[in-house]
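> Protein chains in written order, with our numbering: chain A, 1 to 64; chain B, 1 to 242.
Don't take each hint at face value.
[Stated by the list, open to error] Cβ-to-Cβ under 8 Å is the rule here; a few derived chain B residues that face chain A:
id: 1; residue: Val6
id: 2; residue: Val46
id: 3; residue: Pro49
id: 4; residue: Leu50
id: 5; residue: Ala53
id: 6; residue: Leu84
id: 7; residue: Phe85
id: 8; residue: Trp89
id: 9; residue: Val93
id: 10; residue: Asp140
id: 11; residue: Ser141
Just so you know, the hints here were simulated from the structure itself, not pulled from any lab data. Glycine included, every Cβ here is placed at the ideal spot set by N, Cα and C.
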Amino acid sequence: MTAGVWRPLGFLILMLGFGLRLDSEWQGVAGVLLAAGAAAGGAGLWALRRDTAGEPFVPPVRER
Amino acid sequence: MAATLVIAATVWLSLRGLARVVVPGVTRDASAPLVGPRVRAWYRGVLEPLEDALVGARVHPDALTWAQLAVSVLAGAVFWAGWLFVGGWLTIVAGTLDVLDGGVARRAGVESRRGALVDSLVDRWAEFATFLGLGAFYRDSWVLVPLIVACFGSFMVSYTRARAEGLGVEAQLGRVQRPERYVILGCGAWASDLVAHLTCTLTGRPTQVVLAAAIVVLAALSAWTALERARHAAAALRQSAP
Chain A
1 MTAGVWRPLG
11 FLILMLGFGL
21 RLDSEWQGVA
31 GVLLAAGAAA
41 GGAGLWALRR
51 DTAGEPFVPP
61 VRER
Chain B
1 MAATLVIAAT
11 VWLSLRGLAR
21 VVVPGVTRDA
31 SAPLVGPRVR
41 AWYRGVLEPL
51 EDALVGARVH
61 PDALTWAQLA
71 VSVLAGAVFW
81 AGWLFVGGWL
91 TIVAGTLDVL
101 DGGVARRAGV
111 ESRRGALVDS
121 LVDRWAEFAT
131 FLGLGAFYRD
141 SWVLVPLIVA
151 CFGSFMVSYT
161 RARAEGLGVE
171 AQLGRVQRPE
181 RYVILGCGAW
191 ASDLVAHLTC
201 TLTGRPTQVV
211 LAAAIVVLAA
221 LSAWTALERA
231 RHAAAALRQS
241 AP
């Protein structure tokens, strides 16, 4: 699956986890959902990061 | 507090994404939907990777339509239990599935009149399930009255359009259409529970005033939209009469 799928999926699971944590007595299920949602959403957001592997974002003009 | 921070970060990311969306040649008038073309274009962009994945996995649009019904029934059940944050969120998920089924059908090239009929009918059942759950939650409250008006108004918005189109008149106008109903009800419940949890230490008891306000607004705007469509259709039929 691509990052574009992980982000909304992670957010969906995270919000369900928050909802159960706030409203219900299912605190264990809520904890599992929060962890899974954070992992999935984090994986999606990680793919958004700018690639800074040794090179500047705007390459310098080497030759004029 | 963690939920508030995550939602705030999401809102910020969403607004950043929204600012990048350009929809050329769009004019707004008084009968345009509350959720404008820019927001719709942004949300479709967010859902595009999901649509790709679903088409790639050969998921049939009907499966998404039935999933929407199942999620709406679940939303109704959790509203009944008083879990407003979860219910609101599931309402938004159901609305998203409603957008996804049409998008997947178009992309996969399996659009059909039967699919459109099933989608429309399931939408009504899904809306009713959500309203029923909320009605059970508000059974001892004055909010039940605007909730019934909102439910009736929502159904009249759809019925008026269907009846007008049966008579050959296009009537897809009005401030509150289906996506707006999902947003007002879903975000209203979601935000209401969050506000109730954040303020209950100050007020001493949780109050769902945000959801009550959202239901009153939805009732007024749904009724207005149904009347607007009826007036438009009647005027068009009067003009076309021999």
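> If you check each hint against the structure, which ones fail?
10 and 11
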